[in-house]
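Protein chains in written order, with my numbering: chain S, 1 to 344; chain D, 1 to 556.
If you are wondering where the hints come from, they were derived from the structure by calculation, not from laboratory data.
Treat the hints with care, as some may be off.
[Stated by the list, open to error] Computed from the model, here is a short list of chain D residues facing chain S with C-beta under 10 Å:
1) Arg57
2) Ala61
3) His154
[Unchecked claim] To give a feel for the contact side, a few chain S residues facing chain D, derived at Cβ under 8 Å:
4) Ser240
5) Asp241
6) Leu251
7) Ser252
8) Asn264
[As the list claims (entries may be wrong)] Covered by chain S, according to a simulated footprint, are these stretches of chain D (three or more residues, beta-carbon under 8 Å):
9) 90-101
10) 114-128
11) 158-171
Predicted model, so just to flag it, every value in this text is computed and none were measured.
By construction, the Cβ of each residue, glycine as well, lies at the ideal position given by its N, Cα and C atoms.
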Amino acid sequence: MMTGFGATVARAGRRLLSSLPALFGVLVFTFLLMRVLPGDPAVFFASGPNAGKEEIEQIRKQMGLDKSVPEQLVFYLSDIGRGNLGRSMMTGQPVLKDLRERLPASLELTFTALLIALIAAVPLGVVAALKPGSLVDHGVRLFCALGVCVPTFVSGLLLIYVFYYLLGLAPDPTGRIDVFTSLPPQRTGFLSIDFLLAGDIEGWWAACKQLILPAVSMALFVIAPLARITRASMLVSLGSDFVRTARSVGLSWQKVVVTYALRNAILPVITIAGIVFSTMLGANVLVEKVFSWPGVASYALDALLSSDYAPVQGFVLLMASLFVMVNLVVDICYGIADPRVSIG
Amino acid sequence: MSEQLLRIDDLHVAFSTRRGTVEAVRGVTLTVEAGEMLGLVGESGSGKSVTGFATTRLLDAAGRVTGGKILFRGQDVTKLRGDDLRHLQGAAMSMIFQNPRAALNPIRAIGLQIADAILTRKRISKDAARAEALELLRAVQIRDPETRMNAYPHELSGGMCQRVMIAIAISCNPALLIADEPTTGLDVTTQKVVMDLVAEISAARGMATILITHDLGLAARYCRRIAVMERGRIVEEASPRTLFSSPQHAYTRRLVAASPTATSRIEDLVTEEERERHAAVVSRPRQELAHGTPPLLEVRKLAKRFDQGAAAVADFSMTMTGGESVGLVGESGSGKSTTSRMICRLIDPSEGEIVFDGQSIGHVASRDFHRSRFRKDIQMVFQDPNESLNPRFTAFDCIAHPLMRLDRIRAGRELRQRVEECAERVGLPLDLLPRFPHQLSGGQKARVGIARAIACRPRLLVLDEPTAALDVSVQAVVLQLLDRLRRENDIALLFVSHDLNVVRMLCDRTIVLRNGGIVEQGESRALFDNPKTDYTRKLVEAIPHIETGPMLAAAL
Numbered sequence: 001m002m003t004g005f006g007a008t009v010a011r012a013g014r015r016l017l018s019s020l021p022a023l024f025g026v027l028v029f030t031f032l033l034m035r036v037l038p039g040d041p042a043v044f045f046a047s048g049p050n051a052g053k054e055e056i057e058q059i060r061k062q063m064g065l066d067k068s069v070p071e072q073l074v075f076y077l078s079d080i081g082r083g084n085l086g087r088s089m090m091t092g093q094p095v096l097k098d099l100r101e102r103l104p105a106s107l108e109l110t111f112t113a114l115l116i117a118l119i120a121a122v123p124l125g126v127v128a129a130l131k132p133g134s135l136v137d138h139g140v141r142l143f144c145a146l147g148v149c150v151p152t153f154v155s156g157l158l159l160i161y162v163f164y165y166l167l168g169l170a171p172d173p174t175g176r177i178d179v180f181t182s183l184p185p186q187r188t189g190f191l192s193i194d195f196l197l198a199g200d201i202e203g204w205w206a207a208c209k210q211l212i213l214p215a216v217s218m219a220l221f222v223i224a225p226l227a228r229i230t231r232a233s234m235l236v237s238l239g240s241d242f243v244r245t246a247r248s249v250g251l252s253w254q255k256v257v258v259t260y261a262l263r264n265a266i267l268p269v270i271t272i273a274g275i276v277f278s279t280m281l282g283a284n285v286l287v288e289k290v291f292s293w294p295g296v297a298s299y300a301l302d303a304l305l306s307s308d309y310a311p312v313q314g315f316v317l318l319m320a321s322l323f324v325m326v327n328l329v330v331d332i333c334y335g336i337a338d339p340r341v342s343i344g
Numbered sequence: 001m002s003e004q005l006l007r008i009d010d011l012h013v014a015f016s017t018r019r020g021t022v023e024a025v026r027g028v029t030l031t032v033e034a035g036e037m038l039g040l041v042g043e044s045g046s047g048k049s050v051t052g053f054a055t056t057r058l059l060d061a062a063g064r065v066t067g068g069k070i071l072f073r074g075q076d077v078t079k080l081r082g083d084d085l086r087h088l089q090g091a092a093m094s095m096i097f098q099n100p101r102a103a104l105n106p107i108r109a110i111g112l113q114i115a116d117a118i119l120t121r122k123r124i125s126k127d128a129a130r131a132e133a134l135e136l137l138r139a140v141q142i143r144d145p146e147t148r149m150n151a152y153p154h155e156l157s158g159g160m161c162q163r164v165m166i167a168i169a170i171s172c173n174p175a176l177l178i179a180d181e182p183t184t185g186l187d188v189t190t191q192k193v194v195m196d197l198v199a200e201i202s203a204a205r206g207m208a209t210i211l212i213t214h215d216l217g218l219a220a221r222y223c224r225r226i227a228v229m230e231r232g233r234i235v236e237e238a239s240p241r242t243l244f245s246s247p248q249h250a251y252t253r254r255l256v257a258a259s260p261t262a263t264s265r266i267e268d269l270v271t272e273e274e275r276e277r278h279a280a281v282v283s284r285p286r287q288e289l290a291h292g293t294p295p296l297l298e299v300r301k302l303a304k305r306f307d308q309g310a311a312a313v314a315d316f317s318m319t320m321t322g323g324e325s326v327g328l329v330g331e332s333g334s335g336k337s338t339t340s341r342m343i344c345r346l347i348d349p350s351e352g353e354i355v356f357d358g359q360s361i362g363h364v365a366s367r368d369f370h371r372s373r374f375r376k377d378i379q380m381v382f383q384d385p386n387e388s389l390n391p392r393f394t395a396f397d398c399i400a401h402p403l404m405r406l407d408r409i410r411a412g413r414e415l416r417q418r419v420e421e422c423a424e425r426v427g428l429p430l431d432l433l434p435r436f437p438h439q440l441s442g443g444q445k446a447r448v449g450i451a452r453a454i455a456c457r458p459r460l461l462v463l464d465e466p467t468a469a470l471d472v473s474v475q476a477v478v479l480q481l482l483d484r485l486r487r488e489n490d491i492a493l494l495f496v497s498h499d500l501n502v503v504r505m506l507c508d509r510t511i512v513l514r515n516g517g518i519v520e521q522g523e524s525r526a527l528f529d530n531p532k533t534d535y536t537r538k539l540v541e542a543i544p545h546i547e548t549g550p551m552l553a554a555a556l
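Isolated chain D, as found in the complex:
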């Protein structure tokens, strides 16, 4: 056994909130050895980030370590003060964060920000610090580092910002790097590049790393040891292989099941008892469409140009039949959201035609489309369940609103009946209906969003990353719900996502977009198993797969 760098011993962290003290971490014990990469996995609220912040002493003013020890090279971090603390931060351990753009000072050139970090440790001239910062930018593989030195964070992509953040974090050669969801919100390909970089740098510098993530696949790919956290406790700790082949704890089992893999089906994602309830529907085969049925949706040569610059979407054509599910995938900026919004008639296309049920709807201005009789038929589920619900509407009001507007149902018994029926269909307990969004969990909010979208019995549901903001276990349930709705009611689904595993499971067909144009399309399984273009292959390969096993572990 090699040298123990960090030992966390029965750590307790509590936050004082308006509603009293909340225990976020309740007895975490773990060790990190020098040069090791440890995965700390758990869903939101499990206390994994809080553990990281307690270790680097970056807890909010409301948070307090109420018990336990954090020993870094034998020294208790929780008791450090003043200069000792500042010596620890940055020089001994540093951190990279989720949302890299927000983590950088928006009005300071990135070169200066790196130099700031260098100058706190070393008594060197500003020019020397600048030269060193340039060297670091090279180390994190930023192209054209001389010009980038003077760039501001808003001029860089998310992946670039994360590299700058890594440069800042490693500027003083820390012994421990804590990476808190470093790739959440980045494209899969960027995610891979950034994580490869972190792994490479840690290995080259002998730096220990704690990777905090909600993504089991990601942790499995890069870590040799994974600790699973649930509600402030570590419930299991093992190598990825053991964790996936024979998870011991019930929570780990659920988490492993819910993490989509290359071969999993939607039915596999949830535990036994959940599966039973709708088994009948799931097993019912989809009815074959009679030959010659006109398509539900036909899009021809759709294009969108915003005020200046190149087209966001160009020459986009597709067809969908009733009850079909089509996935629209691509990196950010590929035009997938723009396309879905044009089809939903939320924005106007610059060119092209949208034919729904034999009627051309592309020419109806988006601001007038709410009067069209097709508004009921095309509904949308938005990405962020928190942002897309009116905070002053109860769940009931949210679901009732489209019914009152589009189906002209007056407030009364019929409305209540319809709303309750919708809630039941999406599995939302009826006693939650009088609640406001902030009183609901993420999964419940997602259900309200879906219930609202299906309230008027649409024939086409456009979903813009509906599970991106959800935990995997919640995502599993939501995906299953969507699949069930599609089978029960023959709703066609247009599913916009960057998560290829999810698209593979849910969608019959997949369209791959890049820079506003279609790169490849076809039957999902064939497309993912046998990508024809390099771009698609790159996308597919970037997905962290659990089966591939820990890459680094195998290499070592």
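Excised from the complex, chain S in its bound form:
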């Protein structure tokens, strides 16, 4: 058992090392991309439309934009090396501080959405696979198709319309917490957890109510791939020789489906869930906008629109690192779930 764990850790370490060149590539690429995009940040951040040439020139110098691109790159890289992601012109704060404030909001939303999606998708996929071609199977397929073809912002708005405007069940969709609730002392940055740690059940409930609609609208979008992959791999699993063996000795239906078929079928779902999570993190800008959620994606979008280089570069670096981390976690999970992996 110990050797298996050791092998997993070693493999994770190797993966982490091998991802460093990719991260560096992402850094340089984003930097260059920002430089070739049209728009002059100096003009944008000058005090007003009437700002004089000298003023713009001065801002440019202050931002270091008068230097050549390779020089700028070297400065940028050495800053990154010292853990300095630069300062946002928009908020006037260091990018690192901005990201640190907003990342938990995004993560909390994405985690919740993924959890909801998995809780819905896996049983749906299993039910569909148990009776392929049946009414249930077609129902699941229809539901998945609907989830995919309705864009997130549309489903988000629909949910707001129904649950906030018509039924009045949900609080107004304005951020992570309504203005009257006092924030708990920050520990993890995940409001639902911080409230629990502070023992404030009422606050926790308020935060959850705020969270549920955006999370559901995001989950709706990713239920489809997860349910489909569960169904497909469950079908393979149910048709496999070892399930036949399990049936041949008369194991109970539950044991055959859950212990034998599903545990094997869940392996590819883990991989897909990792990919889905990474995609959701970056792509949830629409949901964040619709629900005024103070996350990193909407922050990066605002920065991009105002040619604010540092936050965009910081955001991309953050996303790339998260992607690496998520893959690592998936790898470790896979290693634990499948004893065959540590061999290869």
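Here the structure of chain S is known, so what remains is to put chain D in place on it, guided by the hints.
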């Protein structure tokens, strides 16, 4: 007559497929007595496995029993539902399968899997079930059972996995065990050990066994009664002795003839009319080589080491002359496939020299060897005719591909002529050329694979288990074809196989490999009749021979 345990009465099973209903079993009637071992023999598609699955109620969703009865202790199995059915499965009858590794749950420790089976029957604690599982592992003679309890199937060899499978099958003392090709794909020595174990356990527990197999020799060795199936029907049922000495049905006669034995020659394997066609060639004696002719292939001190671990092949030397056939035999993992691939220049040797026709070719990197002028001269026929043909190429394209690549023949009349000539040489009807692999039978695919290999008129043909995936009757025809090609065109054959009977017939000389090294080599007949090493003797003795008669029957 003792107690009748199972009676199958006019059983019909149909499968609904895209192309309509297919009748797999069409009126099977047979009985099994308590404690008896019955052999159910037939080639692929004969419905023998389907009969087994219908009996244990494990048919796919597409399969349906459309008629007849399966009476187990007087109770109709086909009508059981729910708990009655679950009581039947495992407790009353159980099954072991072909491909034991796939038949075990890959992510569950084997001890748990055995305990699962025990716990469905008995209301005992998990620890008690575990202790019982350990006992079963001992019963199936697994060494070091305490540690093996926590092993996963991928950590065990195929033979070990089959023993675990047997442990699961016998965990609840069934009255009937159905063994569906239990040793197909295992080495001959492992095959013998596993079958001996099955026979021993059945005898000790008074368990009746149905042995489903395509191997007449195997059935003859262990069963007192054999039922032969063809296209969903039982065509003959007799004791092995009667079956082999005086087969009644035409199909049985063909099957018996095609099953290679210790003394059979390639000519004996096929029926009269097949033999006539090429009689002239077969009877032509091989021309003696002039003295001092340089060998076609000379391999010196060949070795291959993969990334980590011990050498897969070490210090392998051999020579071959033109038109000679050499067999390379050994158990799985003995390095025979690795060696053949190095000689084919599909992988690079770590050390040693390969000299072909006086030229050293060992140093040419395998990825560049396709440009060498010797690529045409050394061709390969692969094991699985299904996997080794491109599914999007027609038979014509498959054969034409090497001609276009290596002989630089452009598409046109000449190419068509050459392809048709190849097809004729391997006996592939020309109207099959436009077909895709999935539209061809196993034997036809094997012919396409051979036609592709001989298209560029090679001087050395390396065959990696070319008949392992084929039925015996098809194997007989393919072997004859290979032998004819060798005589007609003076192609040297390097024949890699674990089937010693086949090697004995086809090859002049045989090399026995073990753990990457040569154990013994020499003239085939002498080597098999008089093995010098224990290892070779063990291999030879493990072959199920038809002549030896049913061992158990004699003992009883």
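Tested hints:
{"no.": "1", "hint": "Arg57", "result": "9 Å, holds"}
{"no.": "2", "hint": "Ala61", "result": "9 Å, holds"}
{"no.": "3", "hint": "His154", "result": "5 Å, holds"}
{"no.": "4", "hint": "Ser240", "result": "7 Å, holds"}
{"no.": "5", "hint": "Asp241", "result": "4 Å, holds"}
{"no.": "6", "hint": "Leu251", "result": "5 Å, holds"}
{"no.": "7", "hint": "Ser252", "result": "6 Å, holds"}
{"no.": "8", "hint": "Asn264", "result": "6 Å, holds"}
{"no.": "9", "hint": "90-101", "result": "holds (count 6)"}
{"no.": "10", "hint": "114-128", "result": "holds (count 4)"}
{"no.": "11", "hint": "158-171", "result": "holds (count 4)"}
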